[in-house]
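**Student:** Residues 12 to 240 in our numbering are what the sequence shown spells out, letter by letter.
If you're looking for bench data, these hints aren't it; they were derived computationally from the structure. Values in this document were obtained by computation on a predicted structure and should not be read as measured data. Each hint should be verified, as a subset may be incorrect.
Said to hold, decoys possible - List of simulated lysine-lysine pairs, DSSO-like, C-alpha gap at most 27 Å:
#1 73 <-> 106
#2 58 <-> 112
#3 96 <-> 59
#4 106 <-> 58
#5 112 <-> 96
What the hints assert, rightly or not - Just the calculated beta-carbon pair ranges, DEER-fashion:
#6 49 <-> 86: 27 to 33 Å
#7 105 <-> 33: 21 to 27 Å
#8 103 <-> 51: 29 to 35 Å
#9 56 <-> 35: 18 to 24 Å
#10 161 <-> 113: 55 to 61 Å
#11 116 <-> 17: 17 to 23 Å
#12 98 <-> 49: 33 to 39 Å
Just so you know, even glycine gets a beta-carbon here, dropped at the ideal spot from N, CA and C.
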Amino acid sequence: MPTEEENTQYLYLILTHGGNPTVDWDAVSAAMDLKKGAVSKRWSRLKKSMEAGEAPSGSVYKFLWLCVKHSPRDKAPNWNEIAEKCGTTSGAASKRYSRMKQAFEAGGDPAASGSASSGAKTPAKATPKRLKGAAADSEGTPTPKRKRANAKKKEEEVKKGLEEDDTKQVQSAKKPKVIRKKTAVESKAADEGQADEDSSMSMAAPENSNPVKTEVEDDGEGDAVDVKE
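My request is simple: use the sequences and hints to build the entire structure.
**Tutor:** Right, here's the structure in full:
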């Protein structure tokens with residue numbers, strides 16, 4: 012891909028390959044909105060720097076193109092001579108000039124057209140519909156999938172914890188009471204304690220000091236009747 016400096020040298024070869032060019036400085040000055048003397052001096056400085064092998068600045072390209080455009084010629088450029096100095100073929104040199112001229116007249120950048128001649132004919136690859144649809148879906152989704160997955164996972168963990176608590180409560184309610192059986196030693200001690208308690212109660216009971224006297228009286232009919240006092 013030619014650089015801007017190479018394109019500038021290429022235009023300079025086209026302008027000067029047949030000798031000192033005859034440029035319409037009035038047309039050039041009008042196109043650049045400068046005075047005729049200013050553009051003439053600019054050409055003198057440019058020619059001197061090119062002959063000295065100095066690299067021209069980027070702003071020189073448009074000026075040099077206007078000089079080529081407004082320099083009338085009786086003959087067509089010698090493309091064989093120009094191609095030999097540029098290290099290319101005559102056909103490639105001629106096509107290169109045609110593309111640059113077409114781009115400049117269309118209002119584009121001739122330098123870009125000349126340096127990227129192959130790129131001008133190669134259309135950009137269209138984005139597949141599948142990729143466009145995926146890009147649209149990603150732009151329309153404000154929340155990343157990872158965040159939604161984390162939120163769902165937390166919700167499931169909370170629900171699982173509540174279910175475990177309910178299960179524990181049901182199991183606690185159904186759990187039977189465990190009655191511990193007394194051992195033989197404990198049963199014997201309890202029986203002895205009960206016997207001692209009964210003995211103490213019997214000894215503490217008071218005796219009746221007035222015994223009941225029972226007499227038998229005859230009621231005259233031959234039956235005995237118990238009389239208690």
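**Student:** The structure should be examined with respect to each hint, and the outcome stated for every one.
**Tutor:** For each hint, the structure was consulted:
1. 73 <-> 106: holds, 19 Å
2. 58 <-> 112: Between residue 58 and residue 112 the Cα gap is close to 22 Å, so the pair holds against 27 Å.
3. 96 <-> 59: holds, 19 Å
4. 106 <-> 58: Satisfied, since the Cα-Cα distance of roughly 25 Å is no more than 27 Å.
5. 112 <-> 96: holds, 20 Å
6. 49 <-> 86: 27 to 33 Å: holds, 30 Å
7. 105 <-> 33: 21 to 27 Å: holds, 22 Å
8. 103 <-> 51: 29 to 35 Å: holds, 33 Å
9. 56 <-> 35: 18 to 24 Å: Holds, since residue 56 and residue 35 (Cβ atoms, about 19 Å apart) stay within the stated range.
10. 161 <-> 113: 55 to 61 Å: holds, 59 Å
11. 116 <-> 17: 17 to 23 Å: For residue 17 against residue 116, whose Cβ atoms are near 21 Å apart, the range 17 to 23 Å holds.
12. 98 <-> 49: 33 to 39 Å: Hint holds: Cβ distance 34 Å, inside 33 to 39 Å.
Checked against the numbered hints above, the structure breaks none of them.
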